[in-house]
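Build the full structure now, drawing on both the sequences and the hints.
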Amino acid sequence: MVLLSRLRRHGRVLASCLLCAAALCAPGLAQDRPSLPDQEKFGRASDEYSFRFCVDPRDPGWEFDKAIGLAIADSLLLEPRMHVVTDTNERAEFEDVYRHLLADCAVYFGFKLFAGGYPEWVTVTRAYYETGYVFVAKSPAPATLGDIAPGQALGATIGSAADFRLVQFNNSRPAGERWRRFPMATDTQALDAVLSDTVAAALVWAPSFYALGKSRPDIAALDIIASPSPLNLPPVPIGGVMLSRDTFLRNNIDQAIAALVADGVVDELLTQIDMPGAAPSNP
113 MVLLSRLRRH GRVLASCLLC AAALCAPGLA QDRPSLPDQE KFGRASDEYS
163 FRFCVDPRDP GWEFDKAIGL AIADSLLLEP RMHVVTDTNE RAEFEDVYRH
213 LLADCAVYFG FKLFAGGYPE WVTVTRAYYE TGYVFVAKSP APATLGDIAP
263 GQALGATIGS AADFRLVQFN NSRPAGERWR RFPMATDTQA LDAVLSDTVA
313 AALVWAPSFY ALGKSRPDIA ALDIIASPSP LNLPPVPIGG VMLSRDTFLR
363 NNIDQAIAAL VADGVVDELL TQIDMPGAAP SNP
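Using my numbering, you'd call the opening residue of the sequence shown number 113 and step up by one each time.
Just so you know, these hints were derived from the structure itself, not from any lab.
Any given hint could be a false lead.
Stated by the list, open to error - Using C-beta positions, here's what the derived DEER-type ranges look like:
| hint | residue 1 | residue 2 | range |
| --- | --- | --- | --- |
| 1 | A371 | P295 | 41 to 47 Å |
| 2 | N364 | A332 | 36 to 42 Å |
| 3 | A287 | A255 | 47 to 53 Å |
| 4 | S308 | Y161 | 27 to 33 Å |
| 5 | A333 | A297 | 20 to 26 Å |
| 6 | A374 | P262 | 21 to 27 Å |
| 7 | E380 | A255 | 44 to 50 Å |
| 8 | P262 | D358 | 46 to 52 Å |
| 9 | D386 | P346 | 19 to 25 Å |
| 10 | E232 | Q280 | 27 to 33 Å |
These numbers come from a predicted model, not from an experiment.
Backbone N, C-alpha and C define an ideal beta-carbon position, used for all residues, glycine too.
Listed below in structure tokens is the structure:
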């Protein structure tokens, strides 16, 4: 089982799908299959020769998700049918995922996979790549996070697993050895705080940093701190979500992903798209 936590709202967290651990693990409606007033009108596509998948351009990693979807379709000898999510309604998050999986696609790519609870009506693919959170500072960046002196300010986009780790680690240190943490609403705000010297470094989602750098030369000029030591920031696996009843298709997708990883296709696509990350270490 894994924790559903969308790439979207970090720089955006994927528009309708940031689901917190507390909501997923809580009993009651969060674990129940959503009930949509118009769900009877959504019939599942019966075209066995197509591969229907969703991507969201508001997700900073969506171009890689698209490439993976096309590669899986090719591997399975199926016609790719990609649905680009444009819905920005503020429905309940579970309803949004459920609606797309009923109406638009069999698999919805670009989800962070964390160990933890998961609603029973959802299953996940195996991870197709790993990426993570990084500390970013002005150039030349210090070699490690530990090189930033106690008392200096660190910006962090609130609500991420990495931010929780930072809070826990910082609070565990003696008062005289702690940094000051400045919570930020978005990765853009955190990076702007580095540029304005409000903070010495910012903790952000790596795909957001790279995506923002493509349109913001000032952000592109910032450096990633090579090591977060003494803080540990493990890589985050990224996969797709599906309805749990689609077991046969999920197994085939998993086999296709494993083949793409073993053949080096995933690493090639990451390089081509300039996406920070690597093929899963345990595919």
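Cross-check of the supplied hints:
1. A371 - P295: 41 to 47 Å: 42 Å, holds
2. N364 - A332: 36 to 42 Å: For N364 and A332 the Cβ distance comes to about 39 Å; the hint holds.
3. A287 - A255: 47 to 53 Å: Violated, since A287 and A255 (Cβ atoms, about 25 Å apart) do not stay within the stated range.
4. S308 - Y161: 27 to 33 Å: Given range 27 to 33 Å: violated, Cβ gap about 54 Å.
5. A333 - A297: 20 to 26 Å: Because 23 Å falls inside the window, the suggested range holds.
6. A374 - P262: 21 to 27 Å: 45 Å, violated
7. E380 - A255: 44 to 50 Å: 30 Å, violated
8. P262 - D358: 46 to 52 Å: 51 Å, holds
9. D386 - P346: 19 to 25 Å: Given about 23 Å between the Cβ atoms, the range holds.
10. E232 - Q280: 27 to 33 Å: Because 30 Å falls inside the window, the suggested range holds.
Figure legend: structure checked against the earlier numbered hints; hints not met, in rising order: 3, 4, 6, 7.
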